[in-house]
Each structure stands twice: as C-alpha cells, then as structure tokens.
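These protein sequence lines are chains A and B, in that order. Read in order, the letters of the first sequence are residues 2 to 190 in the working numbering. Read in order, the letters of the second sequence are residues 2 to 190 in the working numbering.
If you're looking for bench data, these hints aren't it; they were derived computationally from the structure. Bear in mind that the values here come from a model prediction, so they are computed numbers and not experimental data. Some clues are possibly wrong.
Since the list gives no way to pick out one identical chain from another, each pair is judged satisfied if it fits inside one copy or across any two copies.
Stated by the list, open to error - Below, in silico cross-link-like pairs of lysine to any residue (SDA-like), each with a Cα-Cα straight-line distance of 25 Å or less:
1) K39 / E55
2) K81 / Y169
3) K104 / L183
4) K81 / V49
5) K167 / R80
6) K81 / D171
7) K24 / P52
8) K54 / L84
9) K81 / R110
Number of protein chains: 2
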Amino acid sequence: MKEKTILKLKLNTDPRWVDLASKNLEEILVDHAYCEQKAASTGISLIVHYPEKERLVDELTLLVAEEWSHFERVVQELRKRSLPLGRPRRDEYVVQLMAHIRKGGPRERQLLDQLLVSALIEARSCERFKLLWLHLQDRDPELSQFYYELMASEAGHFVSYVDLAKEYCDPAEVDARLQELLRLEGRLS
Amino acid sequence: MKEKTILKLKLNTDPRWVDLASKNLEEILVDHAYCEQKAASTGISLIVHYPEKERLVDELTLLVAEEWSHFERVVQELRKRSLPLGRPRRDEYVVQLMAHIRKGGPRERQLLDQLLVSALIEARSCERFKLLWLHLQDRDPELSQFYYELMASEAGHFVSYVDLAKEYCDPAEVDARLQELLRLEGRLS
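Okay, chain A solo, but in the shape it has when bound (with noise of 0.2 Å):
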C-alpha cells in the first residue's frame, strides 16, 4: 500500500503499522513510550557530540523536553488502563535506518546523516500517529485526540531537523541526500 503523506514526502506506510486492528492498545502505547525515550535520547546525544552548534544545541533543548513530555503523558495513558510499560523491543525499522548513518569522514557528512536519519524518524513517527488518529477516532476519541495533537508535533521536528540540517551543510547536498534516504527508508517498509 503506498499513499501521500500529509509531509508531501514518498513514504510507504510500515505494513506493521497499516494493520492496527490486529494490534492491541498495550502493544501500541508501549512501542509509542519507547520511541518518545529514544527520540529524547537522540537528541540529547547530538546535543553532546555537537556543543559547539548553538543553534542545533537551543533547538535540540526544547524537542528533548517535547518528546520528554510526550513520554510522560504516554505512561499517563498506560497507567490510567493499567497496562504494563513492558520491556523495549528491538526496532529493527530505526536500526536498519541508522546503517545508512556514514560514519568516518567529515564530521558535518555524519552530522548531515544523523539530522536526516532523525527528520525520516519523525516523519515516520507522524504517519503513524495519523494512522492512529483515524483508527481510534471511534474506539477511543481521548486518545484519538492525543495522536492528533502528537501528529502535528512530529511534523514540526522533521521540519525541524531538516532545517538544522540546512543551516549546517549545503542546502543541495542536503536536498540530494534526503532524497537518498527517502528511497533508502521506502525499502525498509
């Protein structure tokens, strides 16, 4: 199944996301909590490696609260069903993205690679939650309204992050190089 995303980007949806009614809402609110943790983590990662970016580093500061508090309302959202928070799991989807990260070479090539990789990430994380919205509009209007308010979250941070992006290497390359990825990420669905 291939459809436009609301980010106007060449995006399949993840088959595992597609089929949400065959998922139950634990299995989904637990994944969700640990891709608000790693995106946190990520940020706080290149908010480290890269200090001396005070652009990067101001912008980072306030998405890490962002996804902070996305993890928060997140475990809300478990607790208030008494659901278990559950162990993480492997996410093989992000992993194989991350292999396309260049390590070596120029620093700002990584950087390039590492903002990217972060923008397919958020993007992806805005497709799903659209897909949730819709699906439990009727199942659960509460947290249908959450995903709604997650999804324009989420496609603030990919433009924030291919902004970044363009602010630290070419402009053309970063065009290129998204482009790149976009088909790279495509196949992993």
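Please build the complex by placing chain B on the supplied structure of chain A, with the hints as guidance.
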C-alpha cells in the same frame, strides 16, 4: 576541609569545588550543564532498565523532566553571557563513584547500587550548589539565586533516590550500603 552538609551526610567537600575563586564562570556553567545532562540520561537509562517498577518509572520521569529544564536554564545563562557551551569533560569523580556499582549478581543488588550512587551524585551537586550560591551572592546575585533554587531541587532528588532504594530493596541493607558508599565517596574528594 570537612564540613557538615545540609543533607546531614558525612561528605567532604570536593576540593576542586572549594576554590571557586580560581574558576571562571564559563567553566562552572559548562560543567554544570553536563551534570544536568548526565543526570537526565541516568534517569532515562534506569527507566529503560527497570520499566516494570511503576514507582521508579513515575518518579524518575518527573526527575528527568526537572533535570532537563535545569540543563535548558544553564544553557540560557551561558547564552546571556555570550559564553559557548563547550565540550563535556571526563568527570573522574563520577567515573570512580560508578565503579562501585556491583554488576552481575542479583538484579536488585545492582539496582540498589545504581540508586544510591545516583543519590550521592545528587547530594554532591547539592553541596556544590550551596557553595556557588554563597560564592556568587555578591558577584552575580541573579545566578546565586538560581543556585539556591537548584540546591533545594537536588536535595529532593537525593531523598527520592534513597526512598526508591528502600521501596525495592531491604531498608536495613540500603542503610548499610549507603554508609559504605559514603565512606568510599569521601575518599574520592
């Protein structure tokens, strides 16, 4: 130099921190920023390793948000003074203290050590902030006030970590191990 701490702990005051006059504000603020970052990262790591422990998850989720808001405020203080964030330095004190965490063996024993080492790091931060509060009163009253607020917050985190240890481990064992770690910690100064 020995002194009683506001937490009634038998901690020596780290000599690197006593002679504050020899330190410049940039060094103090950069060190401080990374202390907050490491405290947030440690909290996240504990949540990921012990997600089944509800009280731990709930309390550390709040603690991480608080540490991260402190990181944000320290970065703002740097920006106000046109000072760069700078790179993290290896914190020998923390490295040596963490070497006392007993790995392998019963899972609860490792958790006990992780919680108490975190408690001691918070207590030490509280001590440092007390010195900064006093030292900066004339030199920078606004920053002095900031450290006064943070002193209270770190004292609260010390208490949270010890309480969590008592929630999940035998309280008598917690007290004994805390005394042991306090003696080991004293030798690091």
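* Could you figure out if K167 and R80 sit no more than 25 Å apart (CA to CA) within one copy, between two copies, both or neither? => between (40 Å within a copy, 23 Å between copies)
* Evaluate K104 and L183 at a C-alpha cut-off of 25 Å and name the case that applies: within, between, both or neither. => Within. Shortest intra-copy distance 19 Å satisfies the 25 Å Cα cut-off; inter-copy 42 Å does not.
* Alpha-carbon proximity context of K81 and R110, limit 25 Å -> Neither: 44 Å inside a chain and 31 Å across chains, both beyond 25 Å.
* Asked: Is the C-alpha distance from K81 to D171 at most 25 Å within one copy, between copies, in both cases, or in neither?
  -> This pair counts as neither: shortest intra-copy Cα distance 47 Å, inter-copy 29 Å.
* To do: If the cutoff is 25 Å on CA atoms, where do K39 and E55 land: within, between, both or neither? Let me know, please.
  => both (22 Å within a copy, 19 Å between copies)
* Give the relationship of K81 and Y169 under a CA distance limit of 25 Å: within one copy only, between copies only, both, or neither. => between (43 Å within a copy, 23 Å between copies)
* Intra- versus inter-copy proximity for L84 and K54 (alpha-carbon distance at most 25 Å) -> between (41 Å within a copy, 12 Å between copies)
* **Alpha-carbon proximity between K81 and V49, which holds within one copy, between copies, both or neither at 25 Å** => Cα proximity of K81 and V49: across copies only (20 Å, versus 35 Å in one copy).
* How do K24 and P52 come out at 25 Å by Cα distance, when the copy is not named: within, between, both, or neither? -> So K24 and P52 pass the 25 Å test across copies only (21 Å; inside, 40 Å).
Hint violations for this structure: numbers 6, 9, all remaining hints satisfied.
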